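**Q** Sequence:
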Amino acid sequence: EEFKKITPITGIIMTKLDGTAKGGILVAIAKQFQIPIYAIGVGEKEEDLDNFIARDFVQAFIKN
1 EEFKKITPIT GIIMTKLDGT AKGGILVAIA KQFQIPIYAI GVGEKEEDLD
51 NFIARDFVQA FIKN
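According to the numbering used here, numbering within the sequence shown proceeds without interruption in unit steps and concludes at 64.
Hints were generated in silico from the structure; no laboratory data involved.
It is possible that some hints are incorrect.
Unchecked claim - Distance windows between CB atoms, simulated:
#, residue 1, residue 2, range
1, Lys16, Ile62, 17 to 27 Å
2, Leu49, Ile29, 15 to 25 Å
3, Gln59, Ile29, 13 to 23 Å
As the list claims (entries may be wrong) - Here are the simulated DSS-like cross-link-like pairs (lysine-lysine), alpha carbons at most 27 Å apart as the crow flies:
#, residue 1, residue 2
4, Lys16, Lys45
5, Lys63, Lys31
6, Lys45, Lys63
7, Lys4, Lys16
8, Lys16, Lys5
9, Lys16, Lys31
10, Lys31, Lys5
11, Lys63, Lys16
12, Lys4, Lys31
Only a predicted model underlies this, so the values are computations on that prediction, with no experimental measurement involved.
Built from N, CA and C at the ideal position, the CB exists for glycine as well.
Given only the sequences and the hints, what does the whole structure look like? Please build it.
**A** Take a look at the structure:
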């Protein structure tokens, strides 16, 4: 909330998503601040960054 007071936040890009806890907080933050999730990174390289697709995210989240 403090960060949002200083600069407008227009969306989220989560780098290095390596656990379900981070995924849960990601959704909670997006919902709380009414901002979209643009991309999710699943590794350390540029090619590991993918567009966020809610359906795919939920399916992966449920499997874990």
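**Q** Confirm or reject each hint.
**A** So, going through the hints one by one against the coordinates:
| no. | hint | verdict |
| --- | --- | --- |
| 1 | Lys16 x Ile62: 17 to 27 Å | holds (21 Å) |
| 2 | Leu49 x Ile29: 15 to 25 Å | holds (18 Å) |
| 3 | Gln59 x Ile29: 13 to 23 Å | holds (21 Å) |
| 4 | Lys16 x Lys45 | holds (9 Å) |
| 5 | Lys63 x Lys31 | holds (22 Å) |
| 6 | Lys45 x Lys63 | holds (24 Å) |
| 7 | Lys4 x Lys16 | holds (22 Å) |
| 8 | Lys16 x Lys5 | holds (26 Å) |
| 9 | Lys16 x Lys31 | holds (20 Å) |
| 10 | Lys31 x Lys5 | holds (17 Å) |
| 11 | Lys63 x Lys16 | holds (18 Å) |
| 12 | Lys4 x Lys31 | holds (14 Å) |
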